[in-house]
Amino acid sequence: MNERLNVSSSPHTRSTLSTGHVMRDIVISLIPVSAFGVWHFGIRALLVLLCSVCAAVLTELIFDKICKRGDTWKDGSAVITGLLLGLCIPSTVPLYAPVLGSVFAILFVKCFFGGLGKNFMNPALAGRCFLLISFGSRMTNYAYTDAVSSATPLAELANDHTVNLSQMFIGNGNVTGVIGCSVLGLLIGICYLFIVDAITWEIPVASVVTFALFIGIFGGHGFDPMYLLAHLMGGGIIMGSFFMATDPVTSPMTTEGQLIYGAAVGLLSGIFRVFATSADSVSYAIIISNLLTPLIDEYVVPLPFGLRKGAAQEHIGSSAFNPKMLLPALRLCLITLLAGLGLAGVYNMTKDTIEQQKEAKRIQSYKEVLPEAEELGYDDDLKAIVDGMAGEVYGTDFGKAYINDLIVGKDASGETVGYVVGVTSNDGFDGPISLSVGVDTEGTIQKISFTELNETAGMGMKCGDPEFKDQFNGRSVTRFTLNKAGGSSSDEEIDSVSGASISSGAVVNAVNAALDFLHENVM
Amino acid sequence: MGKTFRGGVHPLGHKELSRDIPFETYLPQGEMVYPLGQHIGRPASPIVKKGDRVLAGQLIAEASAFVSANIVSGCSGTVKAVDKHRTIAGTMAECVIIENDGLYETVPGVGTLVDFHTLSREEIIAKVKKAGIIGMGGAGFPTHVKLMPKDPDAIRYVIVNGAECEPYITCDDQLMRTHANDIITGLRVLLSLFPNARGVIVIEDNKKEAIRAMETAASGSKGISVKAVPVKYPQGGERSCISVVTGAHYGITQLPADVGCIVDNVGTVYAIYKAVCESTPLMERGITITGEAVNTPHNYMTRIGVSCRELLEHAGGLKESGAVKVMAGGPMMGIAFDSLDVPMCKNNNAFTFLASDEVAEAQKIQTACIRCGRCVRVCPQGLTPQLMSAALEKKDYDRYENKLHGLECISCGSCTFICPAKRPLTQEFKVAKAEIMAAKRAAQAKEGAKS
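Chains A and B supply the protein sequences, listed in that same order. The opening residue of the first sequence carries number 17 in our numbering; numbering runs sequentially from there. The opening residue of the second sequence carries number 198 in our numbering; numbering runs sequentially from there.
These aren't lab readings, by the way, just hints derived from the structure by calculation. What you are looking at is a predicted structure, and each value in this text was computed from that prediction instead of being measured. Ideal placement from N, C-alpha and C gives every residue a C-beta, glycine not left out. It is possible that part of the hints are untrue.
Keeping only pairs whose Cα atoms sit at most 35 Å apart, straight-line, the calculated DSBU-like set for lysine-lysine is [stated by the list, open to error]:
id: 1; chain 1: A; residue 1: LYS84; chain 2: B; residue 2: LYS591
id: 2; chain 1: B; residue 1: LYS347; chain 2: A; residue 2: LYS325
id: 3; chain 1: B; residue 1: LYS592; chain 2: A; residue 2: LYS81
id: 4; chain 1: B; residue 1: LYS592; chain 2: A; residue 2: LYS84
Only some residues are given here: those of chain A computed to face chain B with a beta carbon under 8 Å [claimed, not checked]:
id: 5; residue: VAL23
id: 6; residue: SER26
id: 7; residue: SER34
id: 8; residue: LEU132
id: 9; residue: PRO264
id: 10; residue: MET269
id: 11; residue: THR270
id: 12; residue: VAL317
id: 13; residue: PRO318
id: 14; residue: LEU319
Sequences are here, hints too, so could you generate the full structure?
See below:
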């Protein structure tokens with residue numbers, strides 16, 4: 017008998033589970049939401065997804081070849097990174113954006129830190145944040161719902177506009193959002209993950225519960241179920257909590273650690289969504305929590321069963337469920353609640369003052385742009401026109417411009433001397449730009465003034481400088497054009513701020529929209 | 198679903214290969230080999246020499262210390278040598294080698310029936326010690342030592358371990374089906390040593406016939422109950438048994454007696470019955486010959502000392518494709534060995550012949566750790582294998598031992614089994630534990646030399 021026997025240390029058997037299986041399950045779980053995205057946004061969404069996935073896999077493949085480190089690109093983790101990244105950007109972005117994002121995610125966040133299992137933050141989210149910083153508002157420029165960020169439902173709800181929950185749920189509303197915005201698709205995927213035992217409940221549940229508690233307490237609408245639902249469905253909190261925060265590489269190992277980490281994700285998402293201006297609460301919350309993971313794993317190491325206090329005591333008749341298991345969660349809730357209450361106190365104390373200041377600033381700005389007027393007020397007919405188109409893009413030639421307000425200015429004798437138009441452009445580089453345009457009855461611009469300008473410092477922010485905004489003063493034209501080269505000679509031309517043509521263009525469009533609105537409806 | 202312990206995994210059982218095959222009594226014809234160190238503790242000292250004639254049931258090596266055990270010949274014949282022989286551990290160890298004459302002449306007095314009620318506590322323990330009984334589930338700890346805790350009155354449970362959670366093995370199942378009454382009598386012998394104790398027989402609920410047989414045998418015996426528990430590895434571990442019966446846990450430096458328990462394998466309890474009530478020393482045991490590579494899997498009741506090759510050949514040999522891996526015990530904690538010319542010892546419950554090596558297959562798809570945390574969830578000791586492995590990667594033994602309590606690992610293999618990245622976790626921990634313990638012993642020796 018030929019006896020050549022293998023010898024190894026026990027155990028001699030292995031589960032059928034493999035890294036490939038784990039990755040495959042996650043990819044499968046993302047198929048429903050991807051399908052919904054492609055169904056709703058069309059072939060363009062498919063292209064974006066393909067670009068991000070292929071770029072991710074290719075990047076890892078090339079890195080493998082250059083560094084001669086085997087075929088790690090085959091393990092499937094790059095596919096997940098690419099897919100997740102593609103799902104959390106809008107289908108309207110230029111196709112090089114997902115490619116850039118994937119390359120950044122795989123190369124800088126994963127490969128450079130040692131590859132699979134060594135990345136210090138979720139590569140897909142890092143890629144998304146990289147794109148957000150690089151592409152500004154193009155990443156988040158859509159009407160009201162998206163998967164990972166959602167400042168907008170908040171704005172809608174704050175303005176008492178209703179959000180169509182069923183459309184948000186299915187992801188088929190008349191909306192432009194990120195590709196993976198279908199909550200239904202996400203839920204199908206989540207069910208699959210639980211069925212095949214690919215995720216555990218700790219992180220997502222801690223995150224969603226903490227987030228809901230936070231929104232309930234500080235969102236300003238209490239625990240109104242519809243309001244909470246809109247926040248839960250409209251904002252990447254589902255995608256983030258179940259698919260991103262649960263990335264095992266960047267989340268803690270132990271049950272206790274996972275509860276703390278999940279609560280941190282929920283808490284930070286809540287804080288960012290309610291108090292911060294950034295559109296991307298969940299992305300940043302998860303990335304910051306990722307960085308907490310090593311710390312949590314260092315400090316939250318449970319004692320082995322045999323060394324725990326009272327371990328030797330008999331617990332006859334007790335079930336496998338031990339109420340003590342809930343203690344860490346309860347403590348966390350308490351800490352969250354206290355921290356939240358503290359924040360709420362500060363917020364409430366300052367809320368009215370902030371509102372008053374905003375109002376004062378607005379009136380101040382109206383007076384500033386129409387100095388001749390002694391008295392500012394509304395004309396009922398004109399106000400009806402403005403209210404009638406609330407939330408709709410004005411005209412077709414002005415990009416995403418919105419007319420918010422129309423004030424009639426009168427002198428001491430009650431004679432109309434001019435108008436102030438409040439206008440917002442969503443084409444800014446880093447978010448919306450709002451301004452007031454003062455025009456006299458002849459159609460001559462008196463002055464413009466910004467009420468909201470958050471562009472890049474030193475570039476787009478220069479739109480607020482007199483060199484730029486005073487160009488409009490005293491001109492009587494119906495349509496301005498932007499001169500990117502500078503050195504304009506005609507009345508119609510406005511010199512762009514150097515290096516900030518997007519911001520400058522948005523301002524010019526906004527002013528044009530205001531003038532157009534006046535010519536159409538008033539003069 | 199019944200109560201279970203925390204953690205654990207569900208490896209494929211493979212018990213269908215041999216579970217319904219009744220015991221076949223086999224008297225070996227070939228050479229018999231008795232390693233002197235087949236138990237935990239100091240190796241026994243041989244009391245026979247080359248050329249001596251021995252009978253079945255005769256003492257051939259004597260316990261050399263408190264924690265040590267007698268060894269009894271399973272056959273009659275002539276001592277061929279007291280010399281090095283290959284063992285399951287893969288080493289050449291000191292053994293008594295007996296040329297079997299096949300006559301099975303037995304020492305007079307063996308088989309004499311005794312009523313254990315007439316025996317004192319000391320007499321019972323002396324009989325157990327004389328019979329050379331050790332833990333027959335695998336550990337091989339001398340049973341008489343276990344039966345002498347500091348405070349016998351503090352023992353509240355005598356747990357008979359019939360879980361048999363290791364895949365493939367079915368000899369305990371068969372033993373419970375066929376010798377239920379003897380096992381219950383053995384348990385009653387044990388209970389007579391511990392006045393405050395109740396007897397609990399723990400059996401995984403995939404062994405319906407064994408549960409029924411034990412329940413029938415136990416009915417009418419006061420203070421004895423059968424506990425059917427869900428199938429989950431490592432239910433058959435001492436700690437899992439205690440956890441599932443009492444809910445108590447204890448550290449690696451403690452013994453079951455510290456939480457008021459004595460745990461014995463069904464095979465051990467049967468051996469105690471034979472020694473005390475039938476005056477028969479430990480010379481035979483049940484063993485399963487199984488695995489995909491075996492032509493006809495068997496459950497044998499055979500004599501200790503028989504060679505693995507003889508048993509395999511009697512069982513019909515290997516299939517043509519041959520075996521890739523052979524181990525003593527099951528695939529979770531069994532010991533793989535590379536030569537079939539090794540003797541079966543007191544604590545061997547199976548020889549498993551595998552036609553494929555999952556370990557070799559798994560190594561091909563090994564990846565970096567993805568930190569999925571499955572190892573943490575399945576650890577029956579409540580440890581964090583991933584963090585322990587990461588500490589070892591940095592050779593940080595201090596963190597491994599003191600912060601992560603890595604010495605609490607019982608090497609059950611659950612973490613290695615479940616790992617999707619196919620990391621050799623248990624194996625790393627075995628090496629680390631051995632190194633740490635060696636360093637401790639060296640430090641102690643140094644300390645001792647100084648003073």
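Query raised in the report: Hey, does the PRO318/A contact hint survive, CB to chain B under 8 Å?
Result: 6 Å, holds
Query - Proposed interface contact between SER26/A and chain B, which counts if any beta carbon pair is under 8 Å - result: The hint holds - SER26/A has a Cβ within 8 Å of chain B, the shortest such distance being about 5 Å.
Query raised in the report: Against chain B, with CB atoms and a cut of 8 Å, does the hint on MET269/A hold up?
Result: This interface hint holds because 5 Å falls under the 8 Å limit.
Requested in this report: So, VAL317/A near chain B? Judge it on the closest CB pair being under 8 Å.
Outcome: Where the cut-off is 8 Å and the nearest Cβ of chain B is about 6 Å from VAL317/A, the hint holds.
Requested in this report: With a cut-off of 8 Å on the beta carbons, see whether THR270/A makes it to chain B.
Outcome: 6 Å, holds
Query raised in the report: Hint check: is the beta carbon of LEU132/A less than 8 Å from a beta carbon of chain B?
Result: 5 Å, holds
Query raised in the report: Are the Cα positions of LYS592/B and LYS81/A separated by 35 Å at most?
Result: With a Cα-Cα distance of about 30 Å, the restraint between LYS592/B and LYS81/A holds, given a limit of 35 Å.
**Report entry** SER34/A as chain B interface residue, shortest Cβ-Cβ below 8 Å
**Finding:** 5 Å, holds
Query - VAL23/A as chain B interface residue, shortest Cβ-Cβ below 8 Å - result: This hint holds: VAL23/A lies near chain B, its Cβ roughly 5 Å from the closest one there, short of 8 Å.
Query raised in the report: Are the Cα positions of LYS347/B and LYS325/A separated by 35 Å at most?
Result: 23 Å, holds
Requested in this report: Below or equal to 35 Å on CA atoms is what counts here, so check LYS84/A against LYS591/B.
Outcome: Between LYS84/A and LYS591/B the Cα gap is close to 24 Å, so the pair holds against 35 Å.
Query raised in the report: Does the nearest C-beta of chain B fall within a distance shorter than 8 Å of the C-beta of LEU319/A?
Result: This hint holds: LEU319/A lies near chain B, its Cβ roughly 7 Å from the closest one there, short of 8 Å.
Figure legend: structure checked against the earlier numbered hints; every hint is met.
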